[in-house]
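Novice: Protein chains in written order, with the working numbering: chain P, 1 to 364; chain X, 1 to 364; chain S, 1 to 364; chain L, 1 to 364.
Some hints here could point you the wrong way.
Copies of the same chain are indistinguishable here, so a pair counts whether it falls within one copy or spans any two.
[As the list claims (entries may be wrong)] Pairs of lysine to aspartate or glutamate, DMTMM-like flavour, derived with a Cα cap of 25 Å: (1) Lys194 - Asp89; (2) Lys211 - Asp168; (3) Lys194 - Asp173; (4) Lys86 - Glu37; (5) Lys187 - Asp314; (6) Lys187 - Glu252; (7) Lys86 - Glu169; (8) Lys320 - Glu73; (9) Lys86 - Glu61; (10) Lys86 - Glu66; (11) Lys316 - Glu207; (12) Lys194 - Glu252; (13) Lys187 - Glu257; (14) Lys86 - Glu73; (15) Lys194 - Glu73; (16) Lys320 - Glu257.
No lab work stands behind these hints, which were simulated from the structure alone.
Protein chains: 4
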Amino acid sequence: MSGNSFGVLFRVASFGESHGPALGAVLDGCPPGIELEPAIIQKELDRRRPAQSEVATSRAETDQVEILSGVFEGRTTGTPIALLIKNLDADPSAYENLRNVFRPGHADYTYLQKYGIRDHRGGGRASGRETAARVAAGAVAKQVLRGFGVSVRAATVQVGEIQAREFDENAMDDNPLRCPDRGAAEKMLELVLKAREEGDSLGGIVEVRAKGVPAGLGEPVFGKLDAELASALMGIGAVKGVEIGDGFLVAERRGTENLDPFINEGGRIHTRYNRAGGILGGISTGEDIILRVAVKPTSSIPREQESVDQAGRDTKIRIKGRHDPCICPRLVPVAEAMVALVLCDQILRHRGQCGTGLKKGFDK
Amino acid sequence: MSGNSFGVLFRVASFGESHGPALGAVLDGCPPGIELEPAIIQKELDRRRPAQSEVATSRAETDQVEILSGVFEGRTTGTPIALLIKNLDADPSAYENLRNVFRPGHADYTYLQKYGIRDHRGGGRASGRETAARVAAGAVAKQVLRGFGVSVRAATVQVGEIQAREFDENAMDDNPLRCPDRGAAEKMLELVLKAREEGDSLGGIVEVRAKGVPAGLGEPVFGKLDAELASALMGIGAVKGVEIGDGFLVAERRGTENLDPFINEGGRIHTRYNRAGGILGGISTGEDIILRVAVKPTSSIPREQESVDQAGRDTKIRIKGRHDPCICPRLVPVAEAMVALVLCDQILRHRGQCGTGLKKGFDK
Amino acid sequence: MSGNSFGVLFRVASFGESHGPALGAVLDGCPPGIELEPAIIQKELDRRRPAQSEVATSRAETDQVEILSGVFEGRTTGTPIALLIKNLDADPSAYENLRNVFRPGHADYTYLQKYGIRDHRGGGRASGRETAARVAAGAVAKQVLRGFGVSVRAATVQVGEIQAREFDENAMDDNPLRCPDRGAAEKMLELVLKAREEGDSLGGIVEVRAKGVPAGLGEPVFGKLDAELASALMGIGAVKGVEIGDGFLVAERRGTENLDPFINEGGRIHTRYNRAGGILGGISTGEDIILRVAVKPTSSIPREQESVDQAGRDTKIRIKGRHDPCICPRLVPVAEAMVALVLCDQILRHRGQCGTGLKKGFDK
Amino acid sequence: MSGNSFGVLFRVASFGESHGPALGAVLDGCPPGIELEPAIIQKELDRRRPAQSEVATSRAETDQVEILSGVFEGRTTGTPIALLIKNLDADPSAYENLRNVFRPGHADYTYLQKYGIRDHRGGGRASGRETAARVAAGAVAKQVLRGFGVSVRAATVQVGEIQAREFDENAMDDNPLRCPDRGAAEKMLELVLKAREEGDSLGGIVEVRAKGVPAGLGEPVFGKLDAELASALMGIGAVKGVEIGDGFLVAERRGTENLDPFINEGGRIHTRYNRAGGILGGISTGEDIILRVAVKPTSSIPREQESVDQAGRDTKIRIKGRHDPCICPRLVPVAEAMVALVLCDQILRHRGQCGTGLKKGFDK
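The shape of chain P in the complex, shown without the other chains:
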């Protein structure tokens, strides 16, 4: 991972600005012979797309994906897959008043410090809109993972102080929060609508679970699976923390409270409680991988905010644009995509180094 490039064997180069002509990604190193058509990617993009519900921004992008290469007669050929998503509802004029000021909580100041130049239109490259390319790339990764029996699902498990009490995969797509607990979902929605009404926004927690991951994925020291997953998730805008398994709870535990014996269930070895969240020593155990990320409340709220301009003068700004009062539900497909990219790259790396000797899932 460096810059806008991801992966060792399953490599993704992403591009695009919020209000430029298009966004997209080039995927280099995808296994050949995988079924792929635009609809498979579109389905994931549609989950991320703006303007879908009362709790999301109203920017009207259809986010139609085009496959420009690497697919022949419905199957991947092993050559690079270029994915293109045109920006149709770009409206840079809404940002003209922000050309010379730094929005608090955004990357305006840091991009200018780094590059000495910045595309101020909607945050340019630092816009959440960039995640459309990640979701498109992640959809291909998911399709590869499917062949290995691996699936990835995320959900909003907390908004403000309201927490989900269960992780019901059937409930997730029922509600605009993508909450896996229908009861909690209702309270969350109420809270979010109230925040929006008040010109405010809310933070929350998104949980990601990967099922069917065979034991043995991940590499020692710098290529640990949990390390790469942490990077993948922390690299999503608005994420301020990542934890795996029991996460920050372990800080207050004793060793005797944190024990998690190996057990043999019907000839397959498990950890009794999966406290580790599916990874030990950086390598998958075969249990579900469970991660949680802390999501900050959207910084772009329709209030007057203090800031400074590029000349260093104090100023007040009011962000118009179109923004989500709680970013969690739209972060859900992005988190899934990032986890899928890591798993897909690691599965290929594992197969490259270690071949097909594993007990489960690698003999494709």
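Since the structure of chain P is already known, use the hints to place chains X, S and L on it.
Specialist: Coordinates of chains X, S and L only, in the frame set by chain P:
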């Protein structure tokens, strides 16, 4: 980062097992002309070394580092720096009874699943001892960073439920917990000694702060500074969570509570509260970078534990070996090293792409 | 370099098939603030474009480039630059008869062996058309190099047995062969036209020269400048050999004949004869870098050829399509592009590791 | 490949100077379960070792390799393999007179320009002695390749104007030139001894052949197998040219003369003449891979040479040290090592991306 290799420009390849002949690292891409001698590295290794206090394992390793290449007449030459640390107190016999069983909470099972073979002696490559190589490499990174005015310090800010209330750099090295709050340190020590007496262990939280980091470090999307730092820290054994700035607290905040305006103080732009922990949009703001990691209680406690053996049979094990009742103080220099490696690589990558136009610290 | 991805700091991900919807590249890591507009890239693409002269294929592609990202108000922003070239004159039907046969001298057989699937239309990804993306990416690299005072020019110095006797940069663009010797150019043209008439093709040699390269570019052992240039040039289709400086001639020389003393000319150190072609020990000397590549005669000639089909049956094929009787003139801009990509990446890598202490050319 | 680091999946980090304490390499990503012991590596090192014959330098290094990690009970574990070769006969004093002068044909000047500092002792990192680490790493790669049925052999096929007329693998190790033609070997030896007597040196050509390489290795565009092999070979000191198959001969050929039909021999597809040297479109055909490199005459000849010193003053130097009159025979094992490294990395990359569907050799 992949496998045992780290970095884009400042590249580290680490090697070594707990009970093999030696550990070490090769650093490729270090800037030339940097003052370097073994003592500079040794100082950091001595902070990580076992058998230093009543709260650490009694394995007697002096961890003497040798520089095998890349330094000429006291300065780096720009060619690879090989660092070697011999294992002197290796005692594999202590582990013979663990040859065919999987220690809970350790990587025994996952390494075997991955590789089909494992070095069972003290966890082999998955041992905490491997971090000596990271600390040695990190010491070189710190030396490079020094020339850019950047310093990195970590400390134990929580053990069990006892939290440090201040971050006093002078206090850190006074106490065996490396706690930055002398009052809290005493209580922590008491707690740890009691746990050890009871054959138990304790989790905690380590905080890392980097000072003097110029605004502008980090890259968009996949190479974000916080993403790379999260990976670096999550990749330390026993770490189960990473957060930056206000971290998981933001999940319960409203946008209006999380505001952090830019202000101009004496001609330099700051964020008023540094809630973001020194990074916005993946790029450093120039404020202190502040990270915290959740550390699990040591899994190797001197209690009988349930497990299974390689044949899948239920078994009971008792781990002898020599272990730390709370790993936090020894994790402190490792966390510093990992953060230093990331910052050093990013500073060189920034200089490569963007040259020397920044306001502060890059014109070396 | 791996797969379709190039570079450490100046990274290029290329995509596209000969008869798919589009070709292009994503450039990640380009320095910010560089002037860039489509016309700068188009100029280079127009040099590679087919249907330009009597010695080139008649496929009618205009190769119009679109910049989709990474450029704002005429300058690069430091974020990825996506370049798109649509295929307009794709004509897959011409290749339908080749769906199940392997063209000799082409990649049909090897792609099928590797991937188990292939896009047979015009060679798919293995088509020379893919080089349009390289030329577009190389045009950006050239623009970056311009700011460092570096220029790259290539020319056809041999066709069949006819050799150029001078390297006159003014002559190169005068003739369809891109030969730097007007006298030789005429004879070459005659030879090529005769070969085309006879349904035959010709090999040749292309020479590349880079001027203004500061001393100090390149890295030891695996990252040597000549090694990376050799890879870049050998990776162009039809190239079967690469040499630098006096190249294969040195095999028959004695040490005393190959001497090349350092001399001081007006305060600047030179090698007297530049026998090494501008690189010693893998690092540039500051002299012109001079490389030559051997180019095979086009395999696609309008003759009946023997081959086998996918079922392993003997078959005869006749390649219709549209092909160049001598590929050298069209390889010229591709060779320049590849050399420019290497130099650009190396210049940034050098600046990253070593900063700006060099005597010449790096203080940008 | 960058700096002193090689490979995508089979990664090598090399280190060491000619007159420092030691040389070596860390191999990260080696498949687990491969038989490995020092003797396997030593055998290759002994072929490269100095002071073996009348045509090689008399520096008395035994080049004993130690394996520091990554091997357990005689098999690789999948973790990094560190290889160490101590310098025992280092004699920096012989180079004291060269501290401030630039030896023509060497990297003294370019290293100083790059890094602003240099280890002048025997060329430091730029010494041919560095290749010991490559040969050690290559020995491991060869051991991995053996399991895939792949072998790599090189030989001196030309010295001065004397060419080998056959490639007899049995003859190669019979003669100090490592020439595969016994008759030519005698004449070469005579020539080399005469050159040494006259205080002169000779260039030559080394040919490398890889047998048993399955069809399908290599990647499109930037990761072509021939491109990576060219890089690997051009990166060996003294190499000034690389060609594959018919190489530079193709420049003077017509398409009709260069035809090479696919044929079916007993159910396996071949190219009739293997003109391409085993690679088409950057991907292996399954035929022998055949490469040749042009080797310059050793620059260090015992004659007075003109040069300049670091102050830019004209000077005369006489290189004492201990040098080979013709470097070809010692380059033979280095060339094999480099080709083995590339093939090993590519075979793992292929297995990672494409799995085990190939017809031959990958189902390990």
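Novice: Taking the numbered hints from earlier one at a time, note which ones the structure violates and give those numbers from smallest to largest.
Specialist: Per hint list: 1, 5, 7, 11, 15 violated.
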